[in-house]
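We have chain A already, so just place chain B on it with the hints.
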Amino acid sequence: MARPLINVPVKVKRGETFEIKTLISHVMEPGYRFTTTGARLPRDIVTSFWCLYNGVEVFRADLSPAIAANPFVTFFTVATESGTLEFKWTGDNGFSETAVATIAVE
Amino acid sequence: MNRLAPSPHTSGRHVIAAAMMALVLLAVAGSARSDDIPLDQRRSGYADLGRDSKAMQDDDTANPATFWVLDGEVLWNQKASAADRSCADCHGDATVSMKGVAARYPAFSPAHNGPIDLEQRINLCRTEHQQAAPLPFENHDLLALTVYVGRQSRGMPIAEASDERLRPFISRGRDLFTRRQGQINLSCAQCHDDNWGKRVAGALLPQGHPNGYPIYRLEWQGLGSLQRRLRNCLFGLRAELYAFGSSELVALELFLMQRARGMTIETPAVRP
Numbered sequence: 003m004a005r006p007l008i009n010v011p012v013k014v015k016r017g018e019t020f021e022i023k024t025l026i027s028h029v030m031e032p033g034y035r036f037t038t039t040g041a042r043l044p045r046d047i048v049t050s051f052w053c054l055y056n057g058v059e060v061f062r063a064d065l066s067p068a069i070a071a072n073p074f075v076t077f078f079t080v081a082t083e084s085g086t087l088e089f090k091w092t093g094d095n096g097f098s099e100t101a102v103a104t105i106a107v108e
Numbered sequence: 470m471n472r473l474a475p476s477p478h479t480s481g482r483h484v485i486a487a488a489m490m491a492l493v494l495l496a497v498a499g500s501a502r503s504d505d506i507p508l509d510q511r512r513s514g515y516a517d518l519g520r521d522s523k524a525m526q527d528d529d530t531a532n533p534a535t536f537w538v539l540d541g542e543v544l545w546n547q548k549a550s551a552a553d554r555s556c557a558d559c560h561g562d563a564t565v566s567m568k569g570v571a572a573r574y575p576a577f578s579p580a581h582n583g584p585i586d587l588e589q590r591i592n593l594c595r596t597e598h599q600q601a602a603p604l605p606f607e608n609h610d611l612l613a614l615t616v617y618v619g620r621q622s623r624g625m626p627i628a629e630a631s632d633e634r635l636r637p638f639i640s641r642g643r644d645l646f647t648r649r650q651g652q653i654n655l656s657c658a659q660c661h662d663d664n665w666g667k668r669v670a671g672a673l674l675p676q677g678h679p680n681g682y683p684i685y686r687l688e689w690q691g692l693g694s695l696q697r698r699l700r701n702c703l704f705g706l707r708a709e710l711y712a713f714g715s716s717e718l719v720a721l722e723l724f725l726m727q728r729a730r731g732m733t734i735e736t737p738a739v740r741p
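Line order of the protein sequences matches chains A and B. The end of the first sequence is residue 108 by the numbering used here, with every number in the run present. The end of the second sequence is residue 741 by the numbering used here, with every number in the run present.
Don't read these hints as lab results, they were simulated from the structure. It is possible that part of the hints are untrue.
For lysine to aspartate or glutamate, the following EDC-like pairs were computed, each having C-alpha atoms within a straight-line distance of at most 20 Å [to be verified]:
| no. | chain 1 | residue 1 | chain 2 | residue 2 |
| --- | --- | --- | --- | --- |
| 1 | A | Lys23 | B | Asp529 |
| 2 | A | Lys13 | B | Asp521 |
| 3 | A | Lys23 | B | Asp528 |
| 4 | B | Lys523 | A | Glu99 |
| 5 | A | Lys23 | B | Asp527 |
| 6 | A | Lys23 | B | Asp521 |
Quantities reported herein were computed from a predicted structural model and do not represent experimental measurements.
With the rest of the complex left out, here is chain A (with noise of 0.2 Å):
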């Protein structure tokens, strides 16, 4: 079952520069491996990763067959209003996955 891990800090200072920290639950089956009668396992990946400040994209990322399972990625963002950072991910297979942290920026 997916579900989206986030860290970010509660408060921060406007101008700060803040790190993010995501961690999701996912196979990451990379699609080269095969059972042991044969069959390719179809690839199952993250695909893509957007995180959203206040409605404005400030990171965004491209993953790969050669990512681990349960991808974690971390970024670093500048504060300059309180509100919310939207978190998505979309993948194989229809995989689609959000999450929502607000942040107080003072």
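This is chain B only, laid out in the frame that chain A set:
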């Protein structure tokens, strides 16, 4: 005594060959050590992790094992099968009732007339008190419940076995640990007591302490039990794998916990 030294060969022309063989084996074994690692020289596998893996274990939101812990918490409160009873209905709040439990398992079970590990204890609860089907080993739900219970003992020392009835099983575990096995013909102790800190091929030989199970193993891309890890080692030795839940694996688990007594529980640990 050096376990790798072959038994003395003194008959005729084999002497030189045996001596050369002994040299080769000594080169593998390094200097002879005492049988057990001195208590103050024991080190958790955590100490040998890289910076990034340490960071992963240190932060619950970076450790993927957290997914299993969260699932375990849900299962703990979920009613199972015929008895319509959840773990919480008997045991209450796991953060209180399960504190320190993982530190003293495997424990003696009169029903089994021997030790059982945490997974088996959970399954015993399921069959006896919840009238539910036992979960297969390495099943997601069993790992989730085990890691959730294990998590409650994080930071606590592994308990020294005080139950006299466990004594023969601890020594059985020791026998298995020191017995040469498989086509490779090595014992657990030859790597993990005598040669820890060195490398076997590219991989570092850890001391092999069970203080963080179930672990999130990067090689597995998932969570796994101590029994799974032990079977991995046996596979590496090209030995016959003990079945999941077998008395051999439980005896080994018990011996390893006693070998690591007093060490801090890190469940759920991250390992390479």
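For each hint, the structure was consulted:
As the CA atoms of Lys23 of chain A and Asp529 of chain B are separated by approximately 11 Å, the hinted pair is consistent with the 20 Å bound. Restraint check for Lys13 of chain A and Asp521 of chain B: not satisfied, since their Cα atoms lie roughly 26 Å apart, outside the 20 Å limit. Of the pairs offered as hints, the one joining Lys23 of chain A and Asp528 of chain B holds, with about 10 Å between alpha carbons and a cut-off of 20 Å not exceeded. Taken as a hint, the Lys523 of chain B and Glu99 of chain A pair is broken in the structure, with Cα atoms around 28 Å apart against an allowance of 20 Å.
Annotation: proposed proximity of Lys23 of chain A to Asp527 of chain B holds, straight-line Cα distance about 14 Å (limit 20 Å). Proposed proximity of Lys23 of chain A and Asp521 of chain B is supported: the alpha carbons are some 14 Å apart, at most 20 Å.
Of the numbered hints stated above, those contradicted by the structure are hints 2, 4, listed in ascending order.
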